[in-house]
Amino acid sequence: MVTIKEIENLAKLARIEISPKEAEEMAPEIDSILGYVGQIISVTGDIERIVPKLRNVTREDIVTTVSGKYTEKLLDNAPALEGNYIKVKKIL
Amino acid sequence: MIDLKNLTITKARKALDAKEFSAVDLASAYLTEIEKKNPELNAYLEVYDDVLEQAKTADQRIAKGESHPLLGIPLAIKDNIVIDGKRATSASKILQGYVAPYDATVIEKLKKDGVILLGRTNMDEFALGSSTENSAYGVTKNSYDLMRVSGGTSGGSAVAVSSNMALAGLGSDTGGSVRQPASFCGVVGLKPTYGRVSRYGLMAAVSSFDQIGPITKTVEDAEIVLKVIKGKDSMDSTTITDETYPKSDVKQKYTIGVPWDLIKREGIDLKVKENFKEAINRLESFGFEVKDIKLPNCLALYYIINFAEVSSNLSRFDGVKYGLHVDGKNLLEDYILTRGQGFGREVRRRILLGTFVLSAGYYDAYYGKAQLARVVLQKEFKEVFSSVDLVLTPTSPVPAWKIGEKSDPLSMYLADIFTVPANIVGIPAISVPSGFMEVEGKKLPLGIQFMAPHSGESVLFDIGKKFLGEK
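Top line first, the protein sequences correspond to chains A and B. Quick note on numbering: the first sequence equals residues 71 to 162 in the working numbering. Quick note on numbering: the second sequence equals residues 23 to 493 in the working numbering.
One chain only, chain A, in its complex shape:
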């Protein structure tokens, strides 16, 4: 049984605000979903991984675009700017 406290802890780990009311509503839903997908625990076997058809796909590490081509468009999407920098609150 998933407790409300566990839901609140998951929300904290995922950095999502969840109200106590929602945590309470979500607990039985998450419980029934985990109960269903929990049938996976009974899967057994020692199977070699299938090597995917595509592996180690790489390309040359070279610049493929013109410098500054996207700067303005990208900055325009940021909620807060200072000059050409995206602004965030101080961490330390």
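Since the hints were derived computationally from the structure, they do not count as laboratory data. Quick caveat, the model's predicted, so the values are computed rather than measured.
Take a look, some chain A residues computed to stay more than 10 Å from chain B by CB distance: (1) K75; (2) P90; (3) D131; (4) G153.
Lysine-lysine pairs mimicking DSS-like chemistry, simulated, CA-CA at most 27 Å apart: (5) B:K115 x A:K157; (6) B:K269 x B:K316; (7) A:K157 x B:K351; (8) B:K254 x B:K108; (9) B:K254 x A:K123; (10) B:K254 x A:K139; (11) B:K488 x B:K36; (12) A:K123 x B:K249; (13) B:K131 x B:K487; (14) B:K115 x A:K82; (15) B:K488 x B:K295; (16) B:K108 x A:K157; (17) A:K160 x B:K343; (18) A:K82 x B:K343.
C-beta atoms are modelled at their ideal positions from N, C-alpha and C, and glycine is treated no differently.
Place chain B on chain A using the hints.
Quick look at chain B alone, frame taken from chain A:
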């Protein structure tokens, strides 16, 4: 007046090239339909203001003697595929105000062909759902019964095509999101082989399942659209070429496998089963051999990987780089408030579930086992395809349900039983209309789904056309 109801890409191409009508005439006809129907159906979240300009450019190209399969063809694009300079939100509040800085590879290819981009279509937020009810911008209604859902997650594109608000549409398919709404709306939906179409510019839901696919009125139209959008892309390292997998041959006679143990179980609508049996009779009348095969129910495996990848992919939305920003006391609170308010309920639920299955102590029991089960399923499919050319199921165990009917999230997950295997294994699958069932005086469309081995799209197109009498 252009007869939009019976128009296909093939027919429109001929008419445009013969100058029976212009791209502007065609685009205007669709704009008129959209204006009439969209307020009620809510298929489009935005209709672009430059549609007629795009059409004028297409007409100029046609006048110069250019002809491409999609030149002047009006398309609807799902809201999780980015177009340079246009808004894109994945039907989420957290991307409010976001303007895409570049074209997705599929858009670049469509523009090169000269397609008309009509607008962006509604979906379940971040492609999580099965009904388009999880959109932050309201549900998309099914044009066959306004009380019912359009299916999902690409419900907007499916309704746009089925109600003549677009000639074709693009969707994305993570666990059935192109095929299931296509079947609910009586149109064709294709999920290509994983890697066939570049995912560059498609907002990631489940990176190891996602694939962009066309929603169209005919199988031939789906083939035309796929031909334009497919191909190896240096921006998506998972894209494949025609040589990556062995070629599947188009045949005169196919052997078709049907997983009866899955179809006979509880929860599959009786009328869906009847319709499915009629479809089988029809295929047998063409001389195809239909045989019983075994496939497991892989919903548990599907949803564990879904939750895990979703929680990881959606961690990029933090209110710093783009979209919604809710201000808190410090940076951590900015994140927590932005994500709490920006993501809808189902998205929050899946992020928590993903965080759970990936957390220390549960990782091996859930995610580890799911990866193991994925390998087992891949082997089972390989085995199946050694004795049959195609696998056939209904696309959905039930017809379009009533809006609000499946309020319990698990009950909605269970409706994906037939569509998820193709995504887990990475094989192509197509949903084609198989008739109607009558419920409460309304005719609701049904669909059947064919799955083929990796790179077997040509076989899907061949059998789809035969089934629908396109050839």
